[in-house]
Amino acid sequence: MASQADYKDRQFLAVIGDEDSVTGLLLAGIGHVTSPPDNQKNFLVVDNKTENSAIEAAFENFTTERKDIGIVLINQHIADRIRYRIDTYIQAFPTVLEIPSKDHPYDPEKDSVLRRVRRLFGE
Amino acid sequence: MSGAADREAVFPTRQSLGIMKAKLKGAETGHSLLKRKSEALTKRFREITRRIDEAKRKMGRVMQIASLSLAEVTYAVGGNIGYQIQESAKSARFRIRAKQENVSGVLLPAFESYQTEGNNDFAMTGLGKGGQQVQRCRETYARAVEALVELASLQTAFVILDEVIKVVNRRVNAIEHVIIPRTENTIKYINSELDELDREEFYRLKKVAGKKQRDTAEQDAEMKARKEAQAAAAANEEKQASASAADDVPADLLAAEEDEDVIF
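Protein sequence lines, in the order shown, are assigned to chains S and Z. Residue 1 is where the first sequence starts when you use the UniProt record's numbering, and the numbers rise one by one after that. Residue 1 is where the second sequence starts when you use the UniProt record's numbering, and the numbers rise one by one after that.
Heads up, a few of these hints could be off.
As the list claims (entries may be wrong) - Keeping only pairs whose Cα atoms sit at most 25 angstroms apart, straight-line, the calculated DSS-like set for lysine-lysine is:
| # | chain 1 | residue 1 | chain 2 | residue 2 |
| --- | --- | --- | --- | --- |
| 1 | Z | Lys99 | S | Lys102 |
| 2 | Z | Lys239 | Z | Lys224 |
| 3 | S | Lys102 | Z | Lys58 |
| 4 | Z | Lys37 | Z | Lys166 |
| 5 | Z | Lys99 | Z | Lys43 |
| 6 | Z | Lys239 | Z | Lys227 |
| 7 | Z | Lys21 | Z | Lys43 |
| 8 | Z | Lys166 | Z | Lys35 |
| 9 | Z | Lys239 | S | Lys67 |
| 10 | Z | Lys99 | Z | Lys166 |
| 11 | Z | Lys227 | Z | Lys206 |
| 12 | Z | Lys58 | Z | Lys99 |
| 13 | Z | Lys227 | Z | Lys211 |
| 14 | S | Lys41 | Z | Lys211 |
| 15 | S | Lys67 | Z | Lys224 |
Don't read these hints as lab results, they were simulated from the structure. Only a predicted model underlies this, so the values are computations on that prediction, with no experimental measurement involved.
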């Protein structure tokens, strides 16, 4: 069972997404930058030039290292680039949520959680 | 699996029989309780999976609307505001709080979103033009994020429940297919051993009784023989006596007068 004690101080959302998604979500007010010495952002803008290793590092940072993030939002087409990491990520905290982006419509078949849902329903 | 060998290592005594019976009863109670728990969780789980399915579809629509409103902003502001927004993000206005819900002993966390008052990182965004669109876009995105947070808590509950249900089902199956048959086997084994002991004991007692009977019979016979011998001896003596007496008797009877006079 996932440790149920450490969810108390998780109060932020994190985003890994393309520019438009990140902009929109920041406009909603989820952006947070930690106080000066580290200046850690809770969002990562990914474009065609971003390396997969950078995405992975950010994912790793948001899911394992930072203890104040409760939900990680990631664009589905970006999740596809590090699919094996998403599929092997089974912890309950923080929650990883795949979201659609403007250019890439949402495909329920690729979502790691929805696939489990479908498997359970025997489809 | 459920061979005669599959039993616990106990001595076949009445005490361990009692322990095993108590254990079997406990296992059956536990099994029915766990089964009920698993059913309650599964019910909840199915509900959550259905809601996840719905929420994911809804999320697709909400995000589409949000993207459209962002496109409006871009059009109205007349340039890309992404960089500006990324730079001016300082402190989260939109935060989440986790609370717990108890479903038959399993703590399911649920996220709840709330907005902190009075910090606005984007006060200057769209100041020149498109301020209204920016405002509307913010509201749209805030609603979208709320939907996302709801979905996220459903998903968290899904992951935790999935795990817990697996554990509970494993326990139910372990009790049903391993512990109960093994305990029953042990009870059967103890019972058969006790029966065996009983038969042995009975046979032994019979033997002892037989031996005793034989002994008494022997003693009786001896006694009888002795008595007979005694009786015979007595009879013999008597006979001898009577024989000698018989010799005398006629003489006695006849020669009674010939007896010497008793002199006092």
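Status of each hint after checking the structure:
For the hint pairing Lys99 of chain Z with Lys102 of chain S, the CA-to-CA distance comes to about 32 angstroms; that exceeds 25 angstroms, so the pair is violated. Taking the CA atoms of Lys239 of chain Z and Lys224 of chain Z, the gap is near 21 angstroms; set against the 25 angstroms cutoff, the hint holds. Proximity of Lys102 of chain S to Lys58 of chain Z is assessed by CA-CA distance (about 15 angstroms); at most 25 angstroms being required, the pair is judged to hold. With a CA separation close to 12 angstroms, the supplied pair Lys37 of chain Z and Lys166 of chain Z stays within the 25 angstroms bound.
Annotation: proposed proximity of Lys99 of chain Z to Lys43 of chain Z holds, straight-line Cα distance about 21 angstroms (limit 25 angstroms). For the given pair, Lys239 of chain Z sits about 17 angstroms from Lys227 of chain Z by alpha-carbon distance, which is consistent with the 25 angstroms threshold. Between Lys21 of chain Z and Lys43 of chain Z the CA atoms are separated by roughly 33 angstroms; this puts the pair beyond 25 angstroms, and the hint is violated. The straight-line distance between the Cα atoms of Lys166 of chain Z and Lys35 of chain Z is roughly 12 angstroms, inside the 25 angstroms bound, and the hint therefore holds.
Of the supplied pair hints, the one linking Lys239 of chain Z and Lys67 of chain S is violated, its CA atoms being roughly 125 angstroms apart against a limit of 25 angstroms. For the suggested pair Lys99 of chain Z and Lys166 of chain Z, the alpha carbons sit about 24 angstroms apart, so the restraint of at most 25 angstroms is met. Among the hinted pairs, Lys227 of chain Z with Lys206 of chain Z is inconsistent with the structure: their alpha-carbon atoms are about 30 angstroms apart, more than 25 angstroms. With a CA separation close to 24 angstroms, the supplied pair Lys58 of chain Z and Lys99 of chain Z stays within the 25 angstroms bound.
Annotation: proposed proximity of Lys227 of chain Z to Lys211 of chain Z holds, straight-line Cα distance about 23 angstroms (limit 25 angstroms). Between Lys41 of chain S and Lys211 of chain Z the CA atoms are separated by roughly 99 angstroms; this puts the pair beyond 25 angstroms, and the hint is violated. The straight-line distance between the Cα atoms of Lys67 of chain S and Lys224 of chain Z is roughly 104 angstroms, outside the 25 angstroms bound, and the hint therefore fails.
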